[in-house]
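Number of protein chains: 4
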Amino acid sequence: MDSLENLKLAIRTFADERDWDQFHSPKNLVMALSGEAGELAECFQWLTEDQSYNLSDKQRDAVADEIADVQLYLIRLADKLNLDIAQECRRKLLHNAEKYPVDKAKGTAKKYTDL
Amino acid sequence: MDSLENLKLAIRTFADERDWDQFHSPKNLVMALSGEAGELAECFQWLTEDQSYNLSDKQRDAVADEIADVQLYLIRLADKLNLDIAQECRRKLLHNAEKYPVDKAKGTAKKYTDL
Amino acid sequence: MDSLENLKLAIRTFADERDWDQFHSPKNLVMALSGEAGELAECFQWLTEDQSYNLSDKQRDAVADEIADVQLYLIRLADKLNLDIAQECRRKLLHNAEKYPVDKAKGTAKKYTDL
Amino acid sequence: MDSLENLKLAIRTFADERDWDQFHSPKNLVMALSGEAGELAECFQWLTEDQSYNLSDKQRDAVADEIADVQLYLIRLADKLNLDIAQECRRKLLHNAEKYPVDKAKGTAKKYTDL
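Chains as they are written, first to last, in this note's numbering: chain A, -6 to 108; chain B, -6 to 108; chain C, -6 to 108; chain D, -6 to 108.
Derived by calculation from the structure, the hints in this document are not laboratory data. Being a predicted model, the structure only gives us computed values, none of them experimental. Where hints are given, some of them may not hold.
Put simply, identical chains are the same to the list, so a pair is met inside one copy or across any two.
Stated by the list, open to error - Pairs of lysine to any residue, SDA-like flavour, derived with a Cα cap of 25 Å:
no., residue 1, residue 2
1, K92, D77
2, K1, D43
3, K97, R5
4, K51, A102
5, K99, L87
6, K73, R83
7, K1, A79
8, K73, E(-2)
9, K97, A79
10, K97, D(-5)
11, K97, W13
12, K1, F16
13, K92, H17
14, K85, D12
15, K51, T6
16, K73, D14
17, K85, D72
18, K85, T101
19, K85, D(-5)
Using the sequences and the hints, build the whole thing.
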């Protein structure tokens, strides 16, 4: 079984054992994910881009922790909404491939944004 | 191969083909993830918790899109930092199981926070 | 002098005394603001809407702290970009008044979003 | 009257006229603020720090818009919680001055974080 599916089941068990399902409305989970995304941003806020490629062990551990937290809430959210994350990602990648054709998007960040 | 690994390789190819690796510093990817987490929050901001369980098809499609965007940037970020998301999630779940023992955490959201 | 202007000068002095101007690029300040917005979200993530109106003293103090942090970074950001926050807010309110005319927007959250 | 107080009253009138008070629970307003902070991050995600100091007119207008949106929701949130933003900011600045004494904090971003 794939990793996202395995993790989904592990998180579901974790929450069920603690009777935490009652707190896990999609709305609440989205707020929790915002919180973890914020903690992830805090790890990088004063680093230069160069420094962000070369984290100390302590920084890397902190970042790994926040990445896991974002991932766990994202999987839980998708589970509560009965969405298949991997499938949605594949769909989105196909969509993006059409939106940003290689010959037009090559080497420009302008394609990403309207700015 | 598992889903996160598959997606990592697909995203890597997508970025390489467009020569976008130059924009994908960990710092920048964290900001992009913040942006997508913000769009996800916007989908839910005026919904009650009950409504957040019962999305319309249009709302559900929008949410699926944002979940995919958060996931794609998270995978790309972990790839640039050479972190294995699934492994970090399993480590974090074990850590959380110790931090929130079932008998003490059962049915209380207080365990989650310091408030 | 108005409160936003006063605070701007106080923050500027605070940063100058610590030689922190070098870290306060607009990009970095936006990341710092994301972090504080995330901490604000964490204060509310497991609360119901009703509970969010009735915070305990401890919760209220924590929220006040995070509101201040968001505000301080927002003022600093606007200062670095030479933007007048109060003026931009007045402009935006006028814009919103046109976008959401009273007779059409009354009592509906649908007007806020495209969902 | 100071700018934050003026804006608070203007926003209150705006919401009352549209009967939007019912949607403005503190929890919902925090989510709306997360959304706007995310849009602000999107303006800067692919810019270098140097570029973030030198925005084009179009970029600067977009940033001004998002700064206003964050500010408006922050003021509305504080109003609903009966918190005085300016007072909380002054309190926080005093707290930070003690936490980061000039002689120890000078020129180091390490003082900001635990990393």
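Hints violated by the structure (listed by number, smallest first): 9, 10, 15
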